[in-house]
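In order, the protein sequence lines correspond to chains A and R. Note that our numbering numbers the first sequence so that position 117 is 149, with each residue one more than the last. Note that our numbering numbers the second sequence so that position 134 is 1405, with each residue one more than the last.
Be aware that one or more of the hints could be misleading.
Subject to a maximum C-alpha distance of 25 Å in a straight line, what follows is the list of computed SDA-like cross-link-like pairs (lysine to any residue) [to be verified]:
| no. | chain 1 | residue 1 | chain 2 | residue 2 |
| --- | --- | --- | --- | --- |
| 1 | R | 1391 | R | 1452 |
| 2 | R | 1446 | A | 269 |
| 3 | R | 1446 | A | 307 |
| 4 | R | 1446 | A | 131 |
| 5 | A | 267 | R | 1438 |
| 6 | A | 267 | R | 1290 |
| 7 | A | 267 | R | 1452 |
These are calculated hints, taken from the structure and not from any lab test.
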Amino acid sequence: MNPPLQFEVVKPGLETTVQELPGRLGYWEQGIPPSGPVDFWSFRLANLLVGNPRDTAALECQVMGPTLRLHCSALIAITGAEMSPTLDGQPIPMWTTMIARAGQTLALRGSRVGMRSYIAFSGGIATTPVLGSRAVFHMAGIGGRALQPGQTLPLGVPGSDQRGFHHVGEAHRPPLGSAESRSIACVRGPNDDWLSDASLADFVNSDWKVQAQSNRTGMRLSGPAFSFAPRATDKRPEHGQDPSNILDHGYPLGAINLAGQTPIILINDAPSTGGFINPFTVPSAEFWKLGQVRPHEILRFHQVSLDEAQQRRRDLDSAVTQEALTPQ
Amino acid sequence: MIHQHPRFYVGGDRYIEVELGDGMSFELNILVHNLVAAIRQAAIPGIIELIPELASMQISYDPEAISYADVVREVGALHDGASRIDTAELPSRMFYIPVMYFDPWTEACIEDYRSRQPDKQPDAQLVCQANGLPGRDALRRLHAGTDYWVAALGFWPGLCSLMPLDDRARIVAPKYNPPRTWTPRGAIGLGGALTCIYPDRTPGGYQLLGRTPVPIFDREQRLPAFRDDIVLFRPGDRVRFIPIDQAEFEFLESEVEAGRYEHHCVEHQTFSVGRYREERSRAGAGQPAGGRT
């Protein structure tokens, strides 16, 4: 009898979740966010390394990785934040296809560089999709919750076109921990006309410190105070009392959401709507940085045009393919 | 105030905010829903999803399939075609939601808050005072005396913003400051001129008026109403609150727990903006609403 295609959670790590691309689409108007992996660049490379289509369900680990016991043999790959992975106690390389045998234990530790690691398995994670996606929105328990000790997760049957063992060289992976990873592009809008010109300039000329409370809904920043345009201070009462208040509206992923004087960068599990302005938005090609930012790091923002943001998205999209892998 | 032309705002490389006016009114929100319906019907390749809100909507698009400029052009053209609102017939289901007004669970939540914020006036008392109502009975009659329009959902899965369709039943209330750390699941809240139903035990800021025993959010998708959805309402549905007493609350709660409860919903209805306006003008402005007498 073949062993069951599954693995068991020995230690769950810190809110380790199953994620998948493109996430849960079509339910945002009911308040259900897309979810999905934050650093989708690292996520996709992990899948490619094990021979999966790049958007297949895999694990996202945050800060402290899990310990897992395989019930079957599978190709595995770990990418993203450096979490010192071991297989049966022996260190194994990241960004590399590895084979894990039935009964072996894969353990990840605390992240030393970056914030989120991804673990892909050949065949992908085969949990039951909820509203069309396996992506987990942990806070509301949609698509499941974070991993629990003792839980088993099913794996899919690997495709027949296994491409063997590969490695991703540094030139083809996100430069985690580099100065570039803390310099984040943003596009003006949708509510840039609510800030004063001085504040719009300040935002891209200032240091922003990432605060400790940060999760898959967003991360708070501290920095200089904001000042506002007449639209924010002389407005209809329905918008609310604070200058940063606006009549409830949609929140883009990547929005720099200004609540009072605290900017919050909204990421994949963020509230769908709310009553605060979004003067800038971080475009999708920069999400790997948002996924890997650590508390207390200092960020700088620089403004790019919509065209430039679109070009970066295309460049990143065409860079994350089989071509990024080196055979071993 | 309604803009003559929609205003488009860039939200990064994948999202667009479309603002149709400035302010909160049913007239403005119905324009949003009308345009959302027109965009959906046009099935424009590359438009992924829409979030209708009170005076605006958010469009998600795939920039590989459609450019920002083309979304603006297409949606602008649909807006011009969709602006004859008086002939609009919008799909709109009608839900009857049982509510125990001034129930012991929200009262306990209010008292818990007041034990730490003793200056906070009890919610029902505050709402009565702010709206010139003589007491709880009048507040209940007024609040349950109108259909509500699901103007938007968001912030949390299933959290709904409901507008009274009979403007004589408009009640306003300030929000909690600071917000509550918890709210019972199913609580009915009032903030600004909007009513909400709390889908889950979450923090909150609306004044609490009652509680429904029936779920409007079910992550397990256990009851028949949740076969294809986790969230009961969609934007553009309507809601009527049916006052119940504690015995009925407990009965319905047990039916929900046993998995037997079927939500009372009239499907396949449409909402006619023209007929609604006729009815409103017949009812006349300035007439006292039922609850105030």
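Here is how each hint holds up against the structure:
1. Only pairs whose Cα atoms come within 25 Å are accepted, and residue 1391 of chain R paired with residue 1452 of chain R is accepted, the gap being roughly 15 Å.
2. As the CA atoms of residue 1446 of chain R and residue 269 of chain A are separated by approximately 13 Å, the hinted pair is consistent with the 25 Å bound.
3. About 13 Å separates the Cα atoms of residue 1446 of chain R and residue 307 of chain A, which keeps this hinted pair within 25 Å; it holds.
4. For the given pair, residue 1446 of chain R sits about 56 Å from residue 131 of chain A by alpha-carbon distance, which is inconsistent with the 25 Å threshold.
5. A C-alpha spacing of about 23 Å is found between residue 267 of chain A and residue 1438 of chain R, which places the hinted pair at or below 25 Å, so the restraint holds.
6. Only pairs whose Cα atoms come within 25 Å are accepted, and residue 267 of chain A paired with residue 1290 of chain R is accepted, the gap being roughly 15 Å.
7. At roughly 29 Å between alpha-carbon atoms, residue 267 of chain A and residue 1452 of chain R are farther apart than 25 Å, so this suggested pair is violated.
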